[in-house]
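**Student:** So you can see what is in the structure, the chains are spelled out below.
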Amino acid sequence: MTAVYEPWDETRGAEIIAEHAKQEGATLVILHALQEAFGYVPEAAIPMVAQALNLSRAEVHGVFTFYHDFRHKPAGRHVLKLCRAEACQAAGGDALAARAEAKLGVPLGNTTADDRVTLEPIYCLGLCATAPSAMLDGRLIGRLDEKRLDALVAEAQR
Amino acid sequence: MSMRLFVSRDAGAVAVGADEVALALEQAAAKRGVTVEIVRTGSRGMYWLEPLVEVATPQGRIAFGPVSETDVPSLLDALASNTPHLLRLGATDEIPWLKRQTRLTFARCGVIDPRSLDDYRAHGGYKGLERALSLGSDAILVEVTASGLRGRGGAGFPTGIKWKTVAQAKADRKFIVCNADEGDSGTFADRMIMEGDPFLVIEGMTTAGITVGATKGYIYIRSEYPHAVEAMNAAIKAAKRGGYLGDKIGGSTSSFDLEVRVGAGAYVCGEETSLLESLEGRRGLVRAKPPLPAHHGLFGKPTVINNVLSFAAIPFILAEGAKAYTDFGMGRSRGTMPIQLAGNIRHGGLFETAFGVTLGELVDDVGGGTFTGRPVRAVQVGGPLGAYFPRALFDTPFDYEAFAARDGLIGHGGIVVFDDSVDMRRQARFAMEFCAIESCGKCTPCRIGSTRGVETIEKIIRGERVSENLALVEDLCNTMKFGSLCALGGFTPYPVLSALKHFREDFAPIPTTLQAAE
Numbered sequence: 001m002t003a004v005y006e007p008w009d010e011t012r013g014a015e016i017i018a019e020h021a022k023q024e025g026a027t028l029v030i031l032h033a034l035q036e037a038f039g040y041v042p043e044a045a046i047p048m049v050a051q052a053l054n055l056s057r058a059e060v061h062g063v064f065t066f067y068h069d070f071r072h073k074p075a076g077r078h079v080l081k082l083c084r085a086e087a088c089q090a091a092g093g094d095a096l097a098a099r100a101e102a103k104l105g106v107p108l109g110n111t112t113a114d115d116r117v118t119l120e121p122i123y124c125l126g127l128c129a130t131a132p133s134a135m136l137d138g139r140l141i142g143r144l145d146e147k148r149l150d151a152l153v154a155e156a157q158r
Numbered sequence: 159m160s161m162r163l164f165v166s167r168d169a170g171a172v173a174v175g176a177d178e179v180a181l182a183l184e185q186a187a188a189k190r191g192v193t194v195e196i197v198r199t200g201s202r203g204m205y206w207l208e209p210l211v212e213v214a215t216p217q218g219r220i221a222f223g224p225v226s227e228t229d230v231p232s233l234l235d236a237l238a239s240n241t242p243h244l245l246r247l248g249a250t251d252e253i254p255w256l257k258r259q260t261r262l263t264f265a266r267c268g269v270i271d272p273r274s275l276d277d278y279r280a281h282g283g284y285k286g287l288e289r290a291l292s293l294g295s296d297a298i299l300v301e302v303t304a305s306g307l308r309g310r311g312g313a314g315f316p317t318g319i320k321w322k323t324v325a326q327a328k329a330d331r332k333f334i335v336c337n338a339d340e341g342d343s344g345t346f347a348d349r350m351i352m353e354g355d356p357f358l359v360i361e362g363m364t365t366a367g368i369t370v371g372a373t374k375g376y377i378y379i380r381s382e383y384p385h386a387v388e389a390m391n392a393a394i395k396a397a398k399r400g401g402y403l404g405d406k407i408g409g410s411t412s413s414f415d416l417e418v419r420v421g422a423g424a425y426v427c428g429e430e431t432s433l434l435e436s437l438e439g440r441r442g443l444v445r446a447k448p449p450l451p452a453h454h455g456l457f458g459k460p461t462v463i464n465n466v467l468s469f470a471a472i473p474f475i476l477a478e479g480a481k482a483y484t485d486f487g488m489g490r491s492r493g494t495m496p497i498q499l500a501g502n503i504r505h506g507g508l509f510e511t512a513f514g515v516t517l518g519e520l521v522d523d524v525g526g527g528t529f530t531g532r533p534v535r536a537v538q539v540g541g542p543l544g545a546y547f548p549r550a551l552f553d554t555p556f557d558y559e560a561f562a563a564r565d566g567l568i569g570h571g572g573i574v575v576f577d578d579s580v581d582m583r584r585q586a587r588f589a590m591e592f593c594a595i596e597s598c599g600k601c602t603p604c605r606i607g608s609t610r611g612v613e614t615i616e617k618i619i620r621g622e623r624v625s626e627n628l629a630l631v632e633d634l635c636n637t638m639k640f641g642s643l644c645a646l647g648g649f650t651p652y653p654v655l656s657a658l659k660h661f662r663e664d665f666a667p668i669p670t671t672l673q674a675a676e
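Taken in order, these protein sequences are the chains called C and L. Residues 1 to 158 (this note's numbering) are what the first sequence spells out, left to right. Residues 159 to 676 (this note's numbering) are what the second sequence spells out, left to right.
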């Protein structure tokens, strides 16, 4: 299933920010909430977060860029994450990652030209006893092999 | 007829089809007019048998696995007629892999419904907290200290001393923080216990709260663990409803509240001071210590910050007494360690046992060697910052000091097995690369050293001035080890140097005595 996001809307953004601004140390909570709503954290939201939390724009921008999770633009329609950490490497993850890159025609960390699939590395899904593992739009897949990977890639391309 | 079945809802089981199996069981049973109650438990930790299906019988639970959707009709047939089935494993408790463990922390994981406070209580839950409430702060500190419990996140710092420091600190507010940023590859014990027995973590944190006088706690869970986030949130809600969180917990005069906060994909936030920065809403930059979090922690207040497994060990210690815990283990490593067997391994999963078991027993005997069937060549113990051990060191007992003596660490108890196809140059390069990706950037040895490390190891791989560059990598590792602010830069040398030391043949031809040219 594809995640459905709202288009960026300033009023809605302000609502989300206000909803969480009272919490202590709210920056990450707000950035998560914005990304959950819009699929990414729009540039325009950064100064709004800064104002709500009485921080500088630079501080919020700094937090936003520090964490791998936050996107500055929408991802592809589907996001395929391949675990690239040691346990999955030990179980043949390197070859599967190369195969996914070849099939999709983009290196890890990129989105296909048709905006259908974003292929990303992830450092450990904690499924290390059923390695290699992957995540397609939030759905977990363990014991990945060539056949399962091909099916996932085909599903993501649909 | 009516049946009670158990299927795991653990992410590791779901990843191999547990949801589909549960659904198929429900539908097939309905079609046959059989009433089934399917309890979604945590995982027993035997991942090669997942999806595991258990059925309640008067003699205890009987296990079947690994079950796929297509096995469901024949499984129901066998259950209805009480006839043998190919996937039948017998009584779950009698499965040797499970039976030889000492499950103190994971006693309930895979057994109870993690969404049910009643089930938790029916299986001995909250006995520890009840005793703690009757003991009072000083006596709890005596118990925790006497148990010998050391921080299960990896550093191994005595939990009792940490708690005592915070208990003695004077402040208007204090905090309890649970480090659930389990980023090490090969580790999944935190995830399993949060998904399979979340009330245990809540009970441990609540005990810490009443001990040190903190009324608010945070569980910082990594974003890669959405199932754990969901499980913890559901459990917190249920605990609040049941009077185990909030005002007057368990009918006492103490108050304690909990909140889940979700990380955002930064490995370094597993470092405690970086985690505190992140919780405060900032970049996860490591803080210099001192001051210690116990004095100057979250929002500048005295803070107990412990790993999930440390908090999860507490209820047993208080319910059964420190002696019952400290009776297990060796040397200064007391109690049990939930060990995680991962990577290229036949019988991967969670194996909780007393300290002292050897690495070889764990890999060969318990783990059954590699999944691929090829010889085991290297095992990385303790995550991306842990050393690679060759077979020659398989006699090392699982113990904080024994691993340190061999230039390794047990870390969070993860063991990743590699077969003989592994190229240790690549693993050494990856250790540096991972450090470069995840470095918070605050200190130079980590930030710059890791990038230079990748470049230099790449030169070695290309065969450029190999011996000079090997010397350079060793020198760089020393700089990182002694000059970095935290364990990320400071421990990245462990995998690199251990690869160089124990697997030298991968980096350069074995040096032979050179004959003089003239």
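Read the hints as simulated data drawn from the structure, not as lab findings. Hints may contain errors.
[As the list claims (entries may be wrong)] Dumping the calculated DSSO-like pairs for lysine-lysine here, alpha-carbon to alpha-carbon at most 27 Å: (1) L:Lys395 - C:Lys22; (2) C:Lys22 - L:Lys459; (3) C:Lys22 - L:Lys406; (4) L:Lys285 - L:Lys322; (5) C:Lys22 - L:Lys322; (6) L:Lys481 - L:Lys322; (7) C:Lys22 - L:Lys398.
[Unchecked claim] Covered, in the sense of this in silico footprint (three residues per stretch, anywhere, with C-beta under 8 Å from a C-beta of chain L), are these stretches of chain C: (8) 38 to 47; (9) 108 to 116; (10) 131 to 141; (11) 146 to 157.
[Unchecked claim] Examples of chain L residues lying across from chain C (beta carbon under 7 Å, computed): (12) Ala173; (13) Asp177; (14) Tyr205; (15) Ala236; (16) Ala238; (17) Ser239; (18) Leu291; (19) Leu293; (20) Gly344; (21) Leu437; (22) His454; (23) Gly458; (24) Asn502; (25) Arg504; (26) Phe576; (27) Arg662.
The beta carbon of each residue, even a glycine, is placed where N, CA and C say it ideally should be.
**Student:** For a quick check of understanding: which of the numbered hints are violated here, in increasing order?
**Tutor:** Per hint list: 5, 8, 9, 11, 13, 15, 16, 17, 18, 19, 22, 23, 25, 27 violated.
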